[in-house]
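Chains as they are written, first to last, in the working numbering: chain A, 3 to 679; chain B, 100 to 354; chain C, 284 to 610.
These aren't lab readings, by the way, just hints derived from the structure by calculation. Among the hints, a few may not be true.
As the list claims (entries may be wrong) - Subject to a maximum C-alpha distance of 25 Å in a straight line, what follows is the list of computed SDA-like cross-link-like pairs (lysine to any residue): (1) A:K658 / A:E595; (2) C:K432 / B:L322; (3) A:K425 / B:V337; (4) A:K49 / A:G407; (5) B:K299 / A:T284; (6) C:K565 / B:E350; (7) B:K323 / C:S445; (8) C:K502 / A:G407; (9) A:K658 / C:D595; (10) B:K323 / C:R427; (11) A:K421 / B:R349; (12) C:K502 / B:L322; (13) B:K293 / A:E529; (14) A:K623 / C:P598; (15) B:K298 / A:T404; (16) C:K545 / B:R349; (17) A:K587 / A:R461; (18) A:K421 / B:I118; (19) C:K480 / C:S445; (20) B:K293 / A:D501; (21) A:K421 / C:S501; (22) B:K293 / A:G351; (23) B:K329 / C:D302; (24) C:K502 / A:T284; (25) A:K415 / B:D111; (26) B:K293 / A:T284.
Keep in mind that this is a model prediction, so the values were computed, not measured.
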Amino acid sequence: MEEIGREVFDAFPDWVRIAFYSSAAVAILVFVLGVWFRGRNYLKARKAGRWNHLLSRVARAIANITLRRSRIRKDDPFAGLAHDFLLWGFLVLFLGTLILTVDEDFSKPLLGVSFLNGTTYLWYSLFLDVFGVLFVVGLGMMIYRRVRGTVPRLSFREQEVGQGLRVDRFIMDDWLFLALLLLAGIAGFAVEGVRILRDGTSFPQEWSPIGVALASTFAALGLSEEAAFTLHMGLWWLHAAGALALIAYIPFSKAFHVFAGFGSLVFSDDRAGRRLDAPTLTEPTGFRQVSDFTWAQLLQLDACVRCGRCHEVCPAQASGLPLSPRGLILQLRSFVGSHRANGGTAFVGSGIDAESVWSCATCLACMDACPLEIEHIPLLIEMRRYLVSRGEMDQGLETALTSLGRYGNSFRKPARERKGWTKRVPSTIKDATRAPVEYLWFVGDYASFDPRCQTVTARTAAVFLRLGLDFGILGEGERNAGNDVRRVGEEGLFEALRDGNVELLKDCTFRDIVTTDPHTYNTLKNEYPAPNGGRVLHYTELLDELLRSGRLRPSKKLPYRVTYHDPCYLGRYNGVYDAPRDVLKALGVELVEMARSGPNSFCCGAGGGRVWMTEADGGKKRPADLRVAEAAALNGVRTLVVACPKDYVMFTDAVKAAGLAERLEVRDIIELVEEAL
Amino acid sequence: MKIAVILRQVPDVVEELVIAESGRSLAEDEVTYITNEADEHALEQALILKARHGAKVSVLSVGGDEARDALATATAKGAEDAILVPMPFENRGDNHHLAALLTPEMKSAGYDLILTGLSAADQRDAGLAGLLAARLFLPYVGGLICVTLDPSGSVATVRKEFPGGRLGVLEVALPAVLGIQSAEQPPRYVPVSKVSQAKKALQPKVLSVPAPSVAGLPIQRLLKPEAAGKAEMVPGDVEQIADWIVRLLRERGIV
Amino acid sequence: MTAREVIVIAEHLGGELSDITLEMLACARDVARTIGWRVTCLILADDPEPFKALPLASDRILIVKDPVLGSFNPTAYIRVLIHMLKELSPQLILLGNTSVGMDLAGPLSIGLNVPVASGCVAIRAADGGLVVMSRLLGGKLQARTEVLKGTVIALLLPGNYSREVGMRDTLPTAEIRPSPEPLGALPVRFLELVEPKMEDIDVRKAAVLVAAGRGIQSKENLAAVEDLAEALGGAVCSTRPVVDQGWLPRSRQIGRSGMTVKPRLYLALGISGAPEHVEGMKDSELIVAVNTDPDAPIFDVAHYGTTVDLLDLVPVLTERIRNLRGG
């Protein structure tokens with residue numbers, strides 16, 4: 003009986019071996035050059051400070067991919083499964099080839115012994131066959147999806163082509179990548195089949211079910227010895243060519259995501275966006291050269307596979323504004339890779355319009371959707387810093403910033419009017435700057451000055467008083483916390499506001515800070531120095547706590563059927579989803595979730611300073627209009643519950659504009675709490 | 100080409116206005132100052148002309164500490180020259196006094212164009228621009244919303260507002276003084292970081308001339324307006340007021 | 284004793300005297316009557332015909348005629364006026380607190396060495412002198428000034444005196460003179476007067492106007508205001524800042540440099556009531572003002588007022604009106 007093992011080149015003349023290794027060398031050289039070409043930028047880039055806890059970072063990234071935690075499968079189990087097949091299939095096949103190479107090129111010639119024989123070899127070949135099948139099945143699934151066109155984001159149909167992207171090149175790359183993989187996979191099986199045919203072996207010498215099956219198929223063709231040899235050679239070269247072409251092609255295609263994507267996952271920052279970094283450049287440049295980026299940012303740009311999940315969930319996109327998160331990343335990548343990125347023109351203005359940059363509501367849906375954890379928002383905010391430094395923003399935003407700089411609020415009202423809302427509350431509210439309190443209530447601009455929000459603020463105060471909470475407000479000295487000021491790129495003003503507030507807080511004695519505004523909450527929690535050991539709470543978290551401790555006891559159950567909108571800065575930004583829901587549950591209401599709830603919540607469109615801007619909207623329905631339609635479409639739901647002053651204002655206006663006032667009522671969660679007390 | 104812009108600090112009407120015990124002026128320690136809005140427009144117009152014609156912009160800022168901050172903002176916006184004109188509290192709002200004070204400096208500096216706001220919120224006499232023009236024997240046109248210069252820089256074409264939305268187009272030979280109502284575009288925003296930098300680097304020339312004994316008419320008494328007829332205030336909450344208004348409109352046959 | 288005189292410097296456009304001239308004459312008449320002064324209406328024009336037979340409430344009409352004076356060239360006006368006023372030597376010189384008067388006040392003050400009181404709302408004769416009341420700081424404060432001796436120039440704010448009182452039954456004597464000063468070689472040339480483009484509606488024709496001031500806070504809130512205007516069958520107009528922000532076209536601006544309107548209803552929302560605006564609407568039949576600041580000067584000209592927030596009131600009011608109209 004023939005020895006069981008894999009004879010790699012023995013079936014072929016010597017020149018094959020030489021030719022193969024030469025071609026492989028070329029392919030590998032091209033690969034290395036390609037990687038170098040792409041990677042040399044990384045050496046020019048700035049530091050990113052993400053080398054901390056390297057081992058746990060790598061472990062986490064591996065767990066993300068292997069333990070099915072990746073966002074690929076969120077809302078798209080088909081893609082999740084297909085990618086699993088591809089990933090594992092490719093890894094196993096790659097590993098298999100590696101083992102083969104080691105055995106063939108090192109173990110045999112250097113040690114004179116082969117380890118790929120006997121039972122080892124049998125299991126090896128079975129494993130490879132099974133995973134090879136999975137690999138091809140996965141590819142088949144991916145190809146099927148594209149051919150059927152069931153996923154619009156893959157066909158770039160709605161992509162803003164005006165952003166100067168070469169969509170045709172993308173699509174070609176998409177198909178080429180799939181084609182090369184498929185070629186390598188199928189040709190590999192075919193080669194196996196012919197080899198087994200020529201070896202004349204079968205089970206139990208071969209544990210390759212596909213190979214054996216293919217061998218019998220070939221046998222049925224009645225090939226002569228020479229014909230079989232030619233077929234074997236031809237298929238072998240086909241397989242080799244496919245594999246080598248793939249290797250060479252990797253750095254120039256989306257296949258590069260294997261490296262860059264993994265890198266992006268390893269070096270990700272889970273506080274990205276929540277806690278922005280102070281500028282590192284002395285003067286914002288709008289991205290003029292490679293050294294304006296950190297290497298982590300370049301890595302993220304290279305990681306993008308154009309899946310378009312970010313594009314799909316973007317509220318600006320949905321309302322017709324000229325912003326695509328995917329477009330932004332691809333444009334930046336193109337810019338970095340081109341000769342443009344050497345200190346000449348700024349990216350902002352040449353690669354992207356100011357209008358697009360201002361369209362973002364900083365809702366974080368793009369970053370949350372990205373399977374490769376690319377950080378779109380910090381890039382965008384850096385661009386905004388540039389535009390602000392040049393004074394290129396719309397009039398409404400300028401007016402708001404001027405008012406914020408002068409009066410500490412965007413309403414052009416003097417500081418002394420900040421407590422005006424307290425007139426709606428019969429009792430006196432403690433001044434936290436004069437007396438120690440347990441909860442320092444940082445009220446926030448909208449809650450203080452917008453008349454519609456003032457009613458809600460007064461109700462909140464009424465509830466706090468009824469519960470006998472020891473709380474106080476800052477009064478005149480309070481200024482806008484600065485969350486959105488920072489996110490429009492006015493870093494200097496943000497610092498001034500923050501420093502002013504921190505000064506004020508220093509002299510106050512309190513345990514925790516509570517606020518009703520998620521924007522205020524985000525910056526106080528993530529971007530302010532820790533408040534003397536206390537916590538920063540959203541009022542829903544506080545209410546939840548009080549419910550659990552029994553201090554808040556609803557006296558009746560509310561018989562409403564409601565839906566709840568997760569505010570972007572509370573949910574996606576800070577992971578607070580359960581507290582408001584637990585509160586609602588305790589109030590006895592029937593909660594019906596919208597399709598886009600929790601982390602998938604759809605932004606009201608007011609964030610990122612959009613609420614201050616007056617420029618024309620996108621022509622399609624605005625985000626708030628889309629959202630109230632979504633809420634109103636739920637069967638039997640007559641109340642949309644909100645937990646953010648901006649949401650309250652945006653949705654109340656949208657309900658009116660849509661003529662849904664009879665159908666849907668917008669209520670703040672505190673109104674329900676008060677009713678149930 | 101040399102352009103001068105005069106910025107005046109005036110009481111901010113957004114804040115509460117407190118009258119002093121004497122009743123003749125505002126209470127000095129209760130006043131918050133802001134740059135006169137029309138003067139901001141004058142600066143903006145000057146910067147627009149600078150961008151178009153490469154002029155040099157000098158800013159004279161009148162008042163107390165806030166006047167210094169206004170110079171920092173002006174230089175951050177692009178003005179080249181910063182001159183501080185300290186003005187004690189009792190002389191603020193008096194354009195006759197200010198015009199007399201500025202005349203020697205303006206005469207010697209030889210500006211081609213002097214821009215300032217048409218009027219200041221706290222003035223009680225004539226506009227600064229007209230008085231200054233007369234003292235310098237220069238032509239003056241005010242109430243302008245647009246200023247363009249001819250290529251030689253010796254003639255300005257201006258658009259002057261008239262009632263009913265009409266605009267007069269006039270030609271003014273330079274040097275001249277112009278009173279700006281509003282600039283061709285709203286005053287630009289300059290980020291806080293730039294202003295802070297400018298503040299640190301600021302070393303203004305301080306105009307220290309003896310105060311002239313010229314003054315406008317003194318105010319005998321400053322008071323909250325006593326109008327001939329004051330509105331009848333409608334009581335109640337929003338709902339009640341809405342009902343009341345509807346009733347009134349029905350009575351008058353308007354609805 | 285030399286007769287003491289009040290001189291009203293007239294403003295005119297297109298052959299018609301502006302309303303402010305009549306208001307100044309009413310003021311002059313008011314002052315002169317108590318102390319027996321003479322009132323002269325001084326008109327600088329190229330064609331005296333439209334003016335010489337007007338029944339103005341002055342003792343005489345003095346017209347200086349010259350082709351250059353056909354349009355408002357400030358330097359020409361000043362040259363003529365300084366000469367005339369030096370010759371006439373009045374006690375009180377009245378100018379409109381307008382784009383015309385404001386160009387003249389400063390140069391006349393320096394040329395004649397005479398003090399100026401601007402933003403005047405009332406002038407009275409008292410104790411051998413004059414007492415002038417003016418408005419400052421966006422109309423939020425009032426100042427009282429006394430002029431006990433010497434001449435004074437006063438800039439009168441439109442809307443404080445009645446036009447009708449500026450006219451009377453009989454004709455004053457008219458005198459026509461040529462310009463006492465040569466008017467060639469002036470540093471200023473008047474090229475043309477541009478009429479506003481009327482692409483939009485003419486707010487002067489609306490019976491109901493809903494006016495938005497800075498208090499509406501944002502462009503978004505204009506939609507609610509427009510709903511209200513529509514429900515009332517009227518049009519939206521505004522103050523200058525709203526137009527400067529780009530929220531409404533300039534044709535909707537009411538005030539000194541915008542339109543003057545006299546609708547049946549003027550609903551002023553979030554408008555503080557600065558003089559530049561008030562002069563454009565104070566003659567409205569019914570003025571209802573909404574402003575959270577109880578000290579806002581708008582309440583001095585409004586018939587009715589409320590301090591609730593307009594953002595609260597407007598939607599409720601719109602609904603009520605719609606219900607009424609059976610909508």
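Quick rundown of the hints versus the structure:
1. A:K658 / A:E595: holds, 22 Å
2. C:K432 / B:L322: Holds. C:K432 to B:L322 sits at ~24 Å (cutoff 25 Å).
3. A:K425 / B:V337: OK: A:K425 and B:V337 at ~15 Å, within 25 Å.
4. A:K49 / A:G407: violated, 32 Å
5. B:K299 / A:T284: holds, 16 Å
6. C:K565 / B:E350: Measuring from Cα to Cα gives roughly 21 Å; hence the hint holds.
7. B:K323 / C:S445: Since the Cα atoms of B:K323 and C:S445 sit roughly 24 Å apart, the hinted pair holds (cutoff 25 Å).
8. C:K502 / A:G407: holds, 21 Å
9. A:K658 / C:D595: holds, 14 Å
10. B:K323 / C:R427: Distance ~11 Å between B:K323 and C:R427 Cα, so the pair holds.
11. A:K421 / B:R349: violated, 37 Å
12. C:K502 / B:L322: violated, 35 Å
13. B:K293 / A:E529: It holds: about 22 Å lies between the C-alpha atoms, which stays within 25 Å.
14. A:K623 / C:P598: holds, 22 Å
15. B:K298 / A:T404: Within the cut-off at roughly 17 Å; holds.
16. C:K545 / B:R349: holds, 19 Å
17. A:K587 / A:R461: holds, 20 Å
18. A:K421 / B:I118: holds, 24 Å
19. C:K480 / C:S445: At roughly 30 Å apart (the allowed maximum being 25 Å), C:S445 and C:K480 break the hint.
20. B:K293 / A:D501: This hinted pair holds, its Cα atoms lying about 17 Å apart.
21. A:K421 / C:S501: Holds: A:K421 and C:S501 sit about 22 Å apart, inside 25 Å.
22. B:K293 / A:G351: Holds - the C-alpha atoms of A:G351 and B:K293 are around 21 Å apart, at most 25 Å.
23. B:K329 / C:D302: holds, 24 Å
24. C:K502 / A:T284: Judged against 25 Å, a Cα distance of about 35 Å means the pair is violated.
25. A:K415 / B:D111: Holds, at roughly 11 Å.
26. B:K293 / A:T284: Given pair B:K293, A:T284 holds - Cα atoms ~11 Å apart, limit 25 Å.
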